[in-house]
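So the sequences go chain by chain: G and U. The opening position of the first sequence corresponds to residue 0 in numbering that gives the first Met the number 0, with each subsequent residue numbered one higher. The opening position of the second sequence corresponds to residue 0 in numbering that gives the first Met the number 0, with each subsequent residue numbered one higher.
I should point out that these hints are in silico values taken from the structure, not numbers from a laboratory. The reader is advised that the hints may include incorrect statements.
[Stated by the list, open to error] Between beta-carbon pairs, the in silico distance windows are:
#	chain 1	residue 1	chain 2	residue 2	range
1	G	Ile127	U	Asp268	42 to 48 Å
2	U	Gly278	G	Ala225	58 to 64 Å
3	U	Asp560	G	Thr121	52 to 58 Å
4	U	Arg388	G	Arg79	44 to 50 Å
5	U	Lys527	G	Asn190	46 to 52 Å
[Stated by the list, open to error] For the chain U half of the interface with chain G, some residues (derived, Cβ under 8 Å), not all of them:
#	residue
6	Glu109
7	Lys113
8	Lys183
9	Ala184
10	Gly294
11	Ile301
12	Gly454
13	Cys456
14	Ala457
15	Arg465
16	Thr469
17	Gln472
18	Tyr485
19	Lys494
20	Asp495
Keep in mind the model is a prediction, meaning the values are calculated, not measured. Backbone N, C-alpha and C fix where the C-beta goes; we use that ideal spot for every residue, glycine too.
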Amino acid sequence: MDKIKLTIDNKPVEVAKGTTILQAARQVGIKIPTLCYMNLEGMGVENRPGACRICVVEVEGRRNLAPSCATDCTEGMVVRTTTPKVLNARRTVMELILSNHPKDCLVCASNGDCELQDLAATLGIREIRMVENAAFSTYRKDYSFSLKRDMDKCIICRRCESMCNDVQTVGALGAINRGFTSVVATAFEQNLSDSPCVFCGQCVAVCPTAALTRTDDTGKVFKALADPTKTVIVQTAPAVRAALGEEFGLEPGTLVTGKMAAALRRLGFDKVFDTDFAADLTIMEEGSELLGRIGGFLNGDTSIKLPIFTSCCPAWINFFEQNYPDMLDQPSSAKSPQQMFGAIAKNYFAKKSGIKREDLVVVSVMPCIAKKYELTRNEFSSDGNRDVDISISTAELASMIKMANIDFMSLPDEDFDHPLGESTGAAVIFGTTGGVMEAAVRTAYEVFTGKTLERLEFKELRGFEGIRTASVDFNGTAINICIAHQLGNARKVMDGIRKGELSFHAVEVMACPGGCIGGAGQPYHKGNASILKARSQSLYREDAAKPLRKSHENPYILKLYEEFLGQPMSELAHHLLHTHYFDKHHKI
Amino acid sequence: MVQIKMHLLVCGGTGCRASESAILVEQFNKHLQLNGLADEVKVVTTGCFGFCEKGPIVKVIPDNTFYTQVKPEDAEEIVKEHVLKGRKVARLLYEDPETLEHISDSKHMEFYQKQVRIALRNCGFIDPENIDEYIVRDGYAALGQVLASDPKETIELLKKSGLRGRGGAGFPTGLKWEIAAGNKADQKYVVCNADEGDPGAFMDRSILEGDPNSIIEAMAICGYCIGATKGLIYIRAEYPLAIRRLEIAIRQAREYGLLGKDILGSGFDFDIQLRLGAGAFVCGEETALISSMQGSRGEPTIKPPFPAQSGYMGKPTNVNNVETYANIPPIILKGWEWFNSIGSEKSKGTKVFALAGKINNVGLIEVPMGTTLREVIFEIGGGIKDGKRFKAVQTGGPSGGCLTEQHLDTPIDYEHLTAAGSMMGSGGMIVMDEDDCMVSVAKFYLDFTVEESCGKCAPCRIGNKRLHETLEQICHGKGTLEDLDYLENLGRVIKDTALCGLGQTSPNPVLSTMQYFKDEYRAHVVDKKCPAGQCKALKRYIIDPTKCIGCTLCARNCPTDAITGDKKVPHVIDQSKCIKCGACYEKCKFGAILIR
Numbered sequence: 000m001d002k003i004k005l006t007i008d009n010k011p012v013e014v015a016k017g018t019t020i021l022q023a024a025r026q027v028g029i030k031i032p033t034l035c036y037m038n039l040e041g042m043g044v045e046n047r048p049g050a051c052r053i054c055v056v057e058v059e060g061r062r063n064l065a066p067s068c069a070t071d072c073t074e075g076m077v078v079r080t081t082t083p084k085v086l087n088a089r090r091t092v093m094e095l096i097l098s099n100h101p102k103d104c105l106v107c108a109s110n111g112d113c114e115l116q117d118l119a120a121t122l123g124i125r126e127i128r129m130v131e132n133a134a135f136s137t138y139r140k141d142y143s144f145s146l147k148r149d150m151d152k153c154i155i156c157r158r159c160e161s162m163c164n165d166v167q168t169v170g171a172l173g174a175i176n177r178g179f180t181s182v183v184a185t186a187f188e189q190n191l192s193d194s195p196c197v198f199c200g201q202c203v204a205v206c207p208t209a210a211l212t213r214t215d216d217t218g219k220v221f222k223a224l225a226d227p228t229k230t231v232i233v234q235t236a237p238a239v240r241a242a243l244g245e246e247f248g249l250e251p252g253t254l255v256t257g258k259m260a261a262a263l264r265r266l267g268f269d270k271v272f273d274t275d276f277a278a279d280l281t282i283m284e285e286g287s288e289l290l291g292r293i294g295g296f297l298n299g300d301t302s303i304k305l306p307i308f309t310s311c312c313p314a315w316i317n318f319f320e321q322n323y324p325d326m327l328d329q330p331s332s333a334k335s336p337q338q339m340f341g342a343i344a345k346n347y348f349a350k351k352s353g354i355k356r357e358d359l360v361v362v363s364v365m366p367c368i369a370k371k372y373e374l375t376r377n378e379f380s381s382d383g384n385r386d387v388d389i390s391i392s393t394a395e396l397a398s399m400i401k402m403a404n405i406d407f408m409s410l411p412d413e414d415f416d417h418p419l420g421e422s423t424g425a426a427v428i429f430g431t432t433g434g435v436m437e438a439a440v441r442t443a444y445e446v447f448t449g450k451t452l453e454r455l456e457f458k459e460l461r462g463f464e465g466i467r468t469a470s471v472d473f474n475g476t477a478i479n480i481c482i483a484h485q486l487g488n489a490r491k492v493m494d495g496i497r498k499g500e501l502s503f504h505a506v507e508v509m510a511c512p513g514g515c516i517g518g519a520g521q522p523y524h525k526g527n528a529s530i531l532k533a534r535s536q537s538l539y540r541e542d543a544a545k546p547l548r549k550s551h552e553n554p555y556i557l558k559l560y561e562e563f564l565g566q567p568m569s570e571l572a573h574h575l576l577h578t579h580y581f582d583k584h585h586k587i
Numbered sequence: 000m001v002q003i004k005m006h007l008l009v010c011g012g013t014g015c016r017a018s019e020s021a022i023l024v025e026q027f028n029k030h031l032q033l034n035g036l037a038d039e040v041k042v043v044t045t046g047c048f049g050f051c052e053k054g055p056i057v058k059v060i061p062d063n064t065f066y067t068q069v070k071p072e073d074a075e076e077i078v079k080e081h082v083l084k085g086r087k088v089a090r091l092l093y094e095d096p097e098t099l100e101h102i103s104d105s106k107h108m109e110f111y112q113k114q115v116r117i118a119l120r121n122c123g124f125i126d127p128e129n130i131d132e133y134i135v136r137d138g139y140a141a142l143g144q145v146l147a148s149d150p151k152e153t154i155e156l157l158k159k160s161g162l163r164g165r166g167g168a169g170f171p172t173g174l175k176w177e178i179a180a181g182n183k184a185d186q187k188y189v190v191c192n193a194d195e196g197d198p199g200a201f202m203d204r205s206i207l208e209g210d211p212n213s214i215i216e217a218m219a220i221c222g223y224c225i226g227a228t229k230g231l232i233y234i235r236a237e238y239p240l241a242i243r244r245l246e247i248a249i250r251q252a253r254e255y256g257l258l259g260k261d262i263l264g265s266g267f268d269f270d271i272q273l274r275l276g277a278g279a280f281v282c283g284e285e286t287a288l289i290s291s292m293q294g295s296r297g298e299p300t301i302k303p304p305f306p307a308q309s310g311y312m313g314k315p316t317n318v319n320n321v322e323t324y325a326n327i328p329p330i331i332l333k334g335w336e337w338f339n340s341i342g343s344e345k346s347k348g349t350k351v352f353a354l355a356g357k358i359n360n361v362g363l364i365e366v367p368m369g370t371t372l373r374e375v376i377f378e379i380g381g382g383i384k385d386g387k388r389f390k391a392v393q394t395g396g397p398s399g400g401c402l403t404e405q406h407l408d409t410p411i412d413y414e415h416l417t418a419a420g421s422m423m424g425s426g427g428m429i430v431m432d433e434d435d436c437m438v439s440v441a442k443f444y445l446d447f448t449v450e451e452s453c454g455k456c457a458p459c460r461i462g463n464k465r466l467h468e469t470l471e472q473i474c475h476g477k478g479t480l481e482d483l484d485y486l487e488n489l490g491r492v493i494k495d496t497a498l499c500g501l502g503q504t505s506p507n508p509v510l511s512t513m514q515y516f517k518d519e520y521r522a523h524v525v526d527k528k529c530p531a532g533q534c535k536a537l538k539r540y541i542i543d544p545t546k547c548i549g550c551t552l553c554a555r556n557c558p559t560d561a562i563t564g565d566k567k568v569p570h571v572i573d574q575s576k577c578i579k580c581g582a583c584y585e586k587c588k589f590g591a592i593l594i595r
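Okay, chain G solo, but in the shape it has when bound (with noise of 0.2 Å):
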């Protein structure tokens, strides 16, 4: 490799060819601030359109300043971070960028939590000059189940198009307009449920501003929980403990399982359950029918298509439906883990416990944003009545316990309520990318060869690369299985088998970076790839210290079919547990 010799701020720097003039400068601790700039280092995803002009330097013999995050060392580069006409720059420009936005941030959804606000600050700005009655571009606002759009907020930093379009390939997003009434939209400017935008919300996710935000549905839950003829219960996803902490203060990676269920009780939740039971019982499902297939493919029965996708990340779920409308017999016709808790709580606890089903409101705790769209679908109701009524985020739980002045620090660790609250170690990893197919070949193994499983941990299958393929020997049978991250990696994938260039038995899927840990509904990642490092080894840890780590293991779950169910795939786990797709191809 070649190395280069520069020097930045009288520091030398030797790095290797290709480096940037802002890598070269963190290598040699000087921060260099930056705006629009993103990367999800060692996830193929990257922002750099060099558009902010925030990360500006001062290098020799150059005419002007040079963009440090798009500029590559050369050797003996005298580079200068802070002189005075860079500092004037820099803080020129960003008053540029704050002459165009919203003072609103006493009131705003970002407040304390946006990049613009802290670049404000780290570089002193304490005036805005510009003339009187100066322009200010303004747009509609635009509102969906899962997100909002306030693109009078946006500065136009690309991050958001980047994730839709290069990312995900969903290619909602794009710059219209020039000049200075130049903004990211949908096409024609449609509302986002017009569009093709699959409620990823990872442009959510990465929006350094409130132009992009998940939609706001606490207050929904508080009404709820404060009204006396209503028993509300809560399930939280797996996802949601490991990121929870980050909300109080906590390093990233830090679970919190006992606090939350405390403080979920503390809320007032009649019972504080997990979503995770749901999982345990989505892998009893959707394994069978992973078995069923792989066993009649196997046996030579010609209607049988493989691979099977799994089908718990809504997200993707609508990216198949728009996108692969000819393979709609393929994903797994079980419901996700939120909605088969949903039409668990509705139809077996309710009665259960003597509760009208309208009487009972399912809440769930979700580190998705799209979540909230999917419990709106027509499917997932009976008579009007939605088997999850409300989905907030991981952030939104937190914004609750801070509203309800809970001192979530000082509270004890809980347990979850029976019987909708015990659950394995398998289910706690369907919150990370490989999690939900791990999961499941535990299951599906010990089932297809009737041995138990040694080795419990497939390292094979764990990792952060976007398309990851793994043979599982399943006693003589190969299983293949492949497991994607990002929709631009699972287009890739889909593509390939669409095409017959690749083949597998199973297919996991999901949408966000880093699977469900990377979801819009947490602490927004922000493109900090360590963040969701962290928040997946954290799940792999709390699996490890389960005693129960195999689903078909969870007692309740065993109870739960011996009472109620039957069989997996019986008549009525088939009418409770399973969905079926929809075309729903794009058409301009």
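With chain G fixed as given, assemble chain U onto it according to the hints.
This is chain U only, laid out in the frame that chain G set:
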């Protein structure tokens, strides 16, 4: 076979067509027919002659008579007098503004005397819709020569010639080709940038309208030299005539085997397609142009990678401007020494300029590099209109700067113009006189860049808007001295930080006018006066009581009832009501309304 004895060359450039030159052609044909001359006299619609001020132009060959401002109804007289009887129609000849003598042959006109036409060599001489006429004037000979030689020789020759990009930045063309040639790829592209967008510029348009084959030939040469088989011309849809003539030329070139497979039996394949742009100024920037051609948003990307490394569809791409290409065939035919002998020390050859503004001879000119601004404005351009005083000249369009009287002896080339605070640009040259307010001029150009900014980078997107608003405020008499500091700082920051050439140069009109006309800015903000009298908001209409006879005409015509007074008593204007429409000034028969 009937021998053609005379040619009537009628300008078919956009300006002359707007003055009915197409109808003139019809009239010529009609009267030639009526007089039985249709077989002996041929009417040819040519490209632009350059002397747009006096269009439509008609040139008679072989006697080189140069008629100006010819109307369709003049056709009959020219046919009957000049064609039939050999008597020139004196009233249509060019009149020298100083000697008032009629000049018959254009080569004696000052407008043409100092010009050297390389890029425009065929404009006004040939029928651009007939490839044969191009071929007769050595067209495609350079291509033939190149195809029979090693591409490296041609690139070397171009490097030695000193030709630099005429799009504005002045990058050495030969070097650009060499870089593109050196990058290995399964497919490469040759792109012609015909997205001319400066206000008042029509150089590229005129070349394409007047001599489209020269571009096709040069692109094929480039293709051979860099190893590309595909060419693309990115041209704005607002140039319908240029597009039509290019389409005709491409079709004819294909028919003649000068485009397509195995050109001239050399085994070299090359073909050209047009890409129509929607008229965005920023798409003249090569990365934005490529982005637009790919169907993406027309906005620049960060360089590197340069197009020569990764351009159209990610393949090595050579992008040159129309005028650059137009220079190439003559350089190959006449040799690098010839080209290198023209021009100044570091800027070789000629440059085409579109002369516009308050100048007598508005038009298209081509002069050797190193010609001074004075020569261009006062000799070729014929000086300032209506005997007014020269005030400034803007070169380089909205990206350039305003130069003043002190710069008139500046040689026009890349180095000198940049040193003076302006730039070569693509060749727009707008002349201003004493009636032009320099703050308004800066505002005018900012208006353009605000409109044309792609919106990608913050300094250009927001900064130019803020510059414009501040200038607007100054023109409205609401400016302060702090505003001047603000303008200067903001202008410099935008120059230092903007992403592409558009943003990096957009503050030039403000900064250069502030540098050379600081007093005028100060007059606006301190005295609240516009010395040129152009800023409406700073005008004050008052009535001179010694001249006003109280006729009431002004009061009756005032739309806001700002003028009061009894009959036969001097009237008064209420300044708080006056909207400065000037109606009173226009109506007053006694010169009693004064503008302060």
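Status of each hint after checking the structure:
The hinted window of 42 to 48 Å between G/Ile127 and U/Asp268 is violated, with their beta carbons roughly 58 Å apart. Our hint of 58 to 64 Å for U/Gly278 and G/Ala225 holds, since their Cβ atoms are close to 60 Å apart. At roughly 57 Å, the beta carbons of U/Asp560 and G/Thr121 sit within the given window of 52 to 58 Å. Our hint of 44 to 50 Å for U/Arg388 and G/Arg79 holds, since their Cβ atoms are close to 46 Å apart.
At roughly 49 Å, the beta carbons of U/Lys527 and G/Asn190 sit within the given window of 46 to 52 Å. Contact between U/Glu109 and chain G, as hinted, is not supported at the beta carbon level, the nearest pair being about 39 Å apart and thus beyond 8 Å. For the restraint placing U/Lys113 at the interface with chain G, the shortest Cβ-Cβ distance is roughly 33 Å, beyond the 8 Å limit, so the hint is violated. Below 8 Å, beta-carbon pairs count as interface contacts, and U/Lys183 has none with chain G, the closest being about 19 Å; its hint is therefore violated.
Among the interface hints, the one on U/Ala184 is violated; its C-beta lies about 20 Å from the nearest C-beta in chain G, farther than the 8 Å criterion. Look at U/Gly294: its Cβ only gets to about 12 Å from chain G, farther than 8 Å, so that hint breaks. Annotation: interface hint on U/Ile301 holds; nearest CB of chain G at approximately 4 Å, less than 8 Å. The beta carbon of U/Gly454 comes within 3 Å of a beta carbon in chain G, closer than 8 Å, and the hint placing it at the interface holds.
Annotation: U/Cys456 was flagged as interfacial toward chain G, and the flag holds, the nearest CB pair being 5 Å apart, inside 8 Å. At a threshold of 8 Å, the smallest CB-CB gap from U/Ala457 to chain G is about 5 Å, leaving the interface hint in force. Hint status for U/Arg465: holds, given a least beta-carbon distance of 6 Å to chain G, under 8 Å. At about 6 Å, the closest approach between the beta carbon of U/Thr469 and any beta carbon in chain G falls short of 8 Å, and the interface hint on this residue holds.
The beta carbon of U/Gln472 comes within 5 Å of a beta carbon in chain G, closer than 8 Å, and the hint placing it at the interface holds. With its C-beta approaching chain G no nearer than about 6 Å, U/Tyr485 sits inside the 8 Å limit, and its interface hint holds. Interface restraint check: U/Lys494 against chain G, minimum CB-CB distance 7 Å, threshold 8 Å, status holds. A cut of 8 Å between beta carbons decides the hint on U/Asp495: the least distance to chain G is about 5 Å, and the hint holds.
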